[in-house]
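**Q** Here's the letter readout for the chains.
2 protein chains.
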Amino acid sequence: MADSKALTTRAADFSAWYNELIARAQLADYSPVRGCMVIRPNGYAIWEQMQRALDQMFKDTGHQNAYFPLFIPQSFLAREAEHVEGFAPETAVVTHGGGKELEEPLVVRPTSETIIYAMYAKWIQSYRDLPLLINQWANVVRWEMRTRLFLRTTEFLWQEGHTAHATEAEAEEEARRMLGVYRTFMEDWMSMPVLTGRKTDSERFAGALRTYSCEALMQDNKALQAGTSHNLGQNFSRAFEVTFQTAAGDLDHVWNTSWGVSTRLVGALIMVHGDDAGLVCPPRLAQYQVVIVPIHRTDDERATVLEAADRVRRELAASGVRVHLDARDGMKPGAKYYEWEGRGVPLRLEVGPRDVAAGSVVLARRTGGKKETLAIADLPARVHEAMDRMQAELLASALARRDSASIRGATKEQFLAHVEANAGLVYAGFCGRGECEADIKEQTKATIRVLPDEEFRSPEAPERCMWCGRPSVAEAVWAKAY
Amino acid sequence: MADSKALTTRAADFSAWYNELIARAQLADYSPVRGCMVIRPNGYAIWEQMQRALDQMFKDTGHQNAYFPLFIPQSFLAREAEHVEGFAPETAVVTHGGGKELEEPLVVRPTSETIIYAMYAKWIQSYRDLPLLINQWANVVRWEMRTRLFLRTTEFLWQEGHTAHATEAEAEEEARRMLGVYRTFMEDWMSMPVLTGRKTDSERFAGALRTYSCEALMQDNKALQAGTSHNLGQNFSRAFEVTFQTAAGDLDHVWNTSWGVSTRLVGALIMVHGDDAGLVCPPRLAQYQVVIVPIHRTDDERATVLEAADRVRRELAASGVRVHLDARDGMKPGAKYYEWEGRGVPLRLEVGPRDVAAGSVVLARRTGGKKETLAIADLPARVHEAMDRMQAELLASALARRDSASIRGATKEQFLAHVEANAGLVYAGFCGRGECEADIKEQTKATIRVLPDEEFRSPEAPERCMWCGRPSVAEAVWAKAY
Chain Z
1 MADSKALTTR
11 AADFSAWYNE
21 LIARAQLADY
31 SPVRGCMVIR
41 PNGYAIWEQM
51 QRALDQMFKD
61 TGHQNAYFPL
71 FIPQSFLARE
81 AEHVEGFAPE
91 TAVVTHGGGK
101 ELEEPLVVRP
111 TSETIIYAMY
121 AKWIQSYRDL
131 PLLINQWANV
141 VRWEMRTRLF
151 LRTTEFLWQE
161 GHTAHATEAE
171 AEEEARRMLG
181 VYRTFMEDWM
191 SMPVLTGRKT
201 DSERFAGALR
211 TYSCEALMQD
221 NKALQAGTSH
231 NLGQNFSRAF
241 EVTFQTAAGD
251 LDHVWNTSWG
261 VSTRLVGALI
271 MVHGDDAGLV
281 CPPRLAQYQV
291 VIVPIHRTDD
301 ERATVLEAAD
311 RVRRELAASG
321 VRVHLDARDG
331 MKPGAKYYEW
341 EGRGVPLRLE
351 VGPRDVAAGS
361 VVLARRTGGK
371 KETLAIADLP
381 ARVHEAMDRM
391 QAELLASALA
401 RRDSASIRGA
411 TKEQFLAHVE
421 ANAGLVYAGF
431 CGRGECEADI
441 KEQTKATIRV
451 LPDEEFRSPE
461 APERCMWCGR
471 PSVAEAVWAK
481 AY
Chain P
1 MADSKALTTR
11 AADFSAWYNE
21 LIARAQLADY
31 SPVRGCMVIR
41 PNGYAIWEQM
51 QRALDQMFKD
61 TGHQNAYFPL
71 FIPQSFLARE
81 AEHVEGFAPE
91 TAVVTHGGGK
101 ELEEPLVVRP
111 TSETIIYAMY
121 AKWIQSYRDL
131 PLLINQWANV
141 VRWEMRTRLF
151 LRTTEFLWQE
161 GHTAHATEAE
171 AEEEARRMLG
181 VYRTFMEDWM
191 SMPVLTGRKT
201 DSERFAGALR
211 TYSCEALMQD
221 NKALQAGTSH
231 NLGQNFSRAF
241 EVTFQTAAGD
251 LDHVWNTSWG
261 VSTRLVGALI
271 MVHGDDAGLV
281 CPPRLAQYQV
291 VIVPIHRTDD
301 ERATVLEAAD
311 RVRRELAASG
321 VRVHLDARDG
331 MKPGAKYYEW
341 EGRGVPLRLE
351 VGPRDVAAGS
361 VVLARRTGGK
371 KETLAIADLP
381 ARVHEAMDRM
391 QAELLASALA
401 RRDSASIRGA
411 TKEQFLAHVE
421 ANAGLVYAGF
431 CGRGECEADI
441 KEQTKATIRV
451 LPDEEFRSPE
461 APERCMWCGR
471 PSVAEAVWAK
481 AY
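Those protein sequences? They're chains Z and P, same order as listed. According to my numbering, the first sequence is numbered sequentially starting from 1. According to my numbering, the second sequence is numbered sequentially starting from 1.
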């Protein structure tokens, strides 16, 4: 953390800013293995908070965790035609084990539908075994050509939910429910507004009937797919013969869903809230929500201040605040401020001899504004208030930024201008044809992020496809994306 | 769970009992991938409780979590001579990625010393960066010939701690501290007594200076290595050039430790406490500590009983008990008892119409003994008492079993008889020579589990090696082992 050079600004070079922020805050590092990253303790602590919150939400909606093998026989991947086409080109393949060449190569899981549904075929016999609601926290590998820390790496960490249902309607309901869980998590915990909706066929998960997505807008006005939920229909249950006896005594194939979010969310968090001083972490996901920096010159002052600071620390911890007292010697308060700002700690409390004498501390917010002097007596309540307010304000300002970067009912010319200027999201009519979509992508690099759910649609449905002028079948949201 | 055939008894065939118990309780399953298991939700829930407890203990001792790549360049493994010799024969090797043959094959991590210390070389510059105390929760792969669910599988889940220190003494202290953490966890959470001590050179971790181990005795009188902690000396820091500037301004190599426990602990839990009816789970690690089974015949009874049972459930949950109300219809109470016994739930509460009228419930313990009628009024306190008592009693009875299966100061003849009869642990003198150790292993299959720490040693130090009669250099504990 000795590096005191300012970060490249977001305005000057967003991508350089992103990489420098991650290095400065020690969130992650490049590894000697091509395309693989190391998640350092400061970054992993954010992921742990995310995991904890999501895991509770999954359990509250009836899911249980399990663990399935890392390796998948190559032949399994081939059983679902679209799936193998989508994933085979980006797999890592184990050909040797225990010093011998394997009879059948093993793929390192890029996702686990095939191995999991092979097990479900064994476990599910009757409608009484349904629904089966399982989640897995795991690492997966997809051989990527261009990698970026957190956003796209050869190996990444994620969770993948896999469920089996007796009816199509139940599977659809589950896929939508989990999309809602993701949206709630992203809004309430990450303070990150997302659009939800359906993906077009070209962006659909390989093997799914329908893919739903949460899409977020980053500060460089590029969209990021933050989480997806798939209604898999009976595609995999047919490929893996996952059948069940219905209540009526017939034999039917189950209906599956799968859904996942990954360590990519840490990248999203950085790009939604970070500023030119470094990371800005919403309080609910911060490893340390409050850092206390003692200020003292003489040894006497030091003893008094540290004692008071530690009392404050204990009181805050007892009230459920994740708090750290930075008692390092040989480092000036200013250097500590700088370091904790870079790491995104929401609140800083400064405690000096005069504060101790007055029974108060000074509160500084990571998001700026005037410092405030607070009485130690009611500190826990005030800190919780400040955190709640920051959590809400971060969401509100990200929302305002997204709205101001969105245009609706765009003509082709407006669309081209908006995309060319990297100005954000475009809502417009779409004819539903893959040709149009492909043409737009080729000419502008913009893609349809989602066909938005009702609550995100424009008040008036567009009449014509923005690109070809044919009748519109659905409003679409376009943007350049990560 | 429809299977109502009794398990093979432990006495008849311990190994068959173990496998049947796992299947019956749905803890794990065989997968289509050679040597890899599936950890089913009931088994994973135990692992999650273990993780939670251990993770908190690691954090309380100053460690942070991080994540390092799954893949390790083959050349990295080769840098530490003993390490490559120990692990290379059992690796899985990725030779192809993204459809192309790789220039350098990648090994799927069998353990992460090499990749982690390569990163430490980058992160550590000065004594101010030390100690560096990092833990990783991860999957690892070791190509095993003979596999057994939880005990020995090609892929398994574990944690691996990796630390760097400025002095040999600090590394030694850390290695011993984490051995102590493991022992505390095994005794206090798993109710599993362990012997701690040092491994002989033949059982030392490949690349370590010294390996310490926690060894437990299973009910079939075989020992199981439950966790290890290694003082790695400067072996890896020399191989990976992990150097630091000392306070005096010199350049020195850091001193490393590593330590790990794995999903093998779930297997240990089964074999230490299980009985012929199935799993017996110590309360602190049970997914459900209490299951409530309602008993009713008429619809009226059903409504009354379920309402009371749910009130009990809510009260227990509010007092911090992990409790489940088994309200399934179409299943007799006896069938439910049988199922929850198989799954090892510590306490069962039976609630019938007469209990509701009397304001009481009936408590049955998984470990047997008379059922007890308890007033609902002070149920939470009584349940917590019963759990604490069971937690302690399980430890005490495992300890008594181990003591009665141990002989001390054995002669060669007594040793041979004890080992031949699969009667447990033998404490005896050891000359310290590898030849003796190898000879004993070849003739009897018994190995030295540990050179025990002081608190486990016999009151009188043995004078002669039990096997060859040369002077003893240390007391040793022998047993057949998993």
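None of these hints come from the bench; they were simulated from the model. There could be a bad hint or two in this list.
[Stated by the list, open to error] Below 27 Å or equal to it, Euclidean Cα-Cα: the simulated BS3-like pairs (lysine-lysine) are:
(1) P:K370 - P:K222
(2) P:K441 - P:K480
(3) P:K336 - Z:K5
(4) P:K59 - P:K222
(5) Z:K480 - Z:K222
(6) Z:K5 - Z:K370
(7) P:K371 - P:K412
(8) P:K5 - Z:K336
(9) Z:K445 - Z:K5
(10) Z:K59 - P:K336
(11) Z:K100 - P:K100
(12) Z:K5 - Z:K480
(13) Z:K412 - Z:K370
(14) Z:K480 - Z:K445
(15) Z:K412 - Z:K222
(16) P:K332 - Z:K122
(17) Z:K371 - Z:K332
(18) P:K122 - Z:K332
(19) Z:K222 - Z:K371
(20) P:K441 - P:K222
(21) Z:K336 - P:K370
(22) P:K441 - P:K5
(23) P:K441 - P:K412
(24) Z:K222 - Z:K441
(25) Z:K59 - P:K59
(26) P:K5 - P:K59
(27) P:K412 - P:K5
(28) P:K100 - P:K59
(29) P:K100 - Z:K122
(30) Z:K122 - P:K480
**Q** All hints are to be evaluated individually against the structure, with a verdict given for each.
**A** Here is what the structure says about each hint:
At most 27 Å may separate the alpha-carbon atoms for a hinted pair to count; K370 (chain P) and K222 (chain P) exceed this at roughly 32 Å. Annotation: proposed proximity of K441 (chain P) to K480 (chain P) holds, straight-line Cα distance about 9 Å (limit 27 Å). Under the criterion of a C-alpha separation no larger than 27 Å, the hint pairing K336 (chain P) with K5 (chain Z) is inconsistent with the structure, at around 66 Å. Using a Cα cut-off of 27 Å, the hinted pair K59 (chain P) and K222 (chain P) is violated, with the two alpha carbons roughly 33 Å apart.
The straight-line distance between the Cα atoms of K480 (chain Z) and K222 (chain Z) is roughly 5 Å, inside the 27 Å bound, and the hint therefore holds. Between the alpha carbons of K5 (chain Z) and K370 (chain Z) the distance comes to roughly 25 Å, so the proposed pair stays at or under 27 Å and holds. A C-alpha spacing of about 48 Å is found between K371 (chain P) and K412 (chain P), which places the hinted pair above 27 Å, so the restraint is violated. Between the alpha carbons of K5 (chain P) and K336 (chain Z) the distance comes to roughly 66 Å, so the proposed pair goes past 27 Å and is violated.
Between K445 (chain Z) and K5 (chain Z) the CA atoms are separated by roughly 34 Å; this puts the pair beyond 27 Å, and the hint is violated. For the hint pairing K59 (chain Z) with K336 (chain P), the CA-to-CA distance comes to about 23 Å; that is within 27 Å, so the pair holds. A distance of roughly 20 Å separates the Cα atoms of K100 (chain Z) and K100 (chain P); the hinted pair therefore holds under the 27 Å criterion. Restraint check for K5 (chain Z) and K480 (chain Z): the C-alpha separation of about 31 Å exceeds 27 Å, so the hint is violated.
Of the pairs offered as hints, the one joining K412 (chain Z) and K370 (chain Z) is violated, with about 45 Å between alpha carbons and a cut-off of 27 Å exceeded. Of the supplied pair hints, the one linking K480 (chain Z) and K445 (chain Z) holds, its CA atoms being roughly 6 Å apart against a limit of 27 Å. Simply put, K412 (chain Z) and K222 (chain Z) have alpha-carbon atoms about 19 Å apart, close enough for the 27 Å limit, and the pair holds. Restraint check for K332 (chain P) and K122 (chain Z): satisfied, since their Cα atoms lie roughly 26 Å apart, inside the 27 Å limit.
Note on K371 (chain Z) and K332 (chain Z): the hinted pairing holds, with a Cα-Cα distance of about 19 Å set against a maximum of 27 Å. Of the supplied pair hints, the one linking K122 (chain P) and K332 (chain Z) holds, its CA atoms being roughly 26 Å apart against a limit of 27 Å. Taken as a hint, the K222 (chain Z) and K371 (chain Z) pair is broken in the structure, with Cα atoms around 34 Å apart against an allowance of 27 Å. For the given pair, K441 (chain P) sits about 14 Å from K222 (chain P) by alpha-carbon distance, which is consistent with the 27 Å threshold.
At roughly 62 Å between alpha-carbon atoms, K336 (chain Z) and K370 (chain P) are farther apart than 27 Å, so this suggested pair is violated. Of the pairs offered as hints, the one joining K441 (chain P) and K5 (chain P) is violated, with about 39 Å between alpha carbons and a cut-off of 27 Å exceeded. Restraint check for K441 (chain P) and K412 (chain P): the C-alpha separation of about 14 Å stays at or below 27 Å, so the hint holds. A hinted pair counts as satisfied when its Cα atoms are at most 27 Å apart, and K222 (chain Z) with K441 (chain Z) qualifies at roughly 14 Å.
This hinted pair checks out: K59 (chain Z) and K59 (chain P) have alpha carbons roughly 25 Å apart, not beyond 27 Å. Restraint check for K5 (chain P) and K59 (chain P): not satisfied, since their Cα atoms lie roughly 45 Å apart, outside the 27 Å limit. Between K412 (chain P) and K5 (chain P) the CA atoms are separated by roughly 44 Å; this puts the pair beyond 27 Å, and the hint is violated. With a C-alpha separation of about 42 Å, the suggested pair K100 (chain P) and K59 (chain P) falls outside the 27 Å cut-off, and the hint is violated.
For the hint linking K100 (chain P) to K122 (chain Z), the alpha-carbon distance of about 35 Å lies beyond 27 Å, and the restraint is violated. Proposed proximity of K122 (chain Z) and K480 (chain P) is contradicted: the alpha carbons are some 36 Å apart, above 27 Å.
Checked against the numbered hints given earlier, this structure breaks hints 1, 3, 4, 7, 8, 9, 12, 13, 19, 21, 22, 26, 27, 28, 29 and 30; the rest are met.
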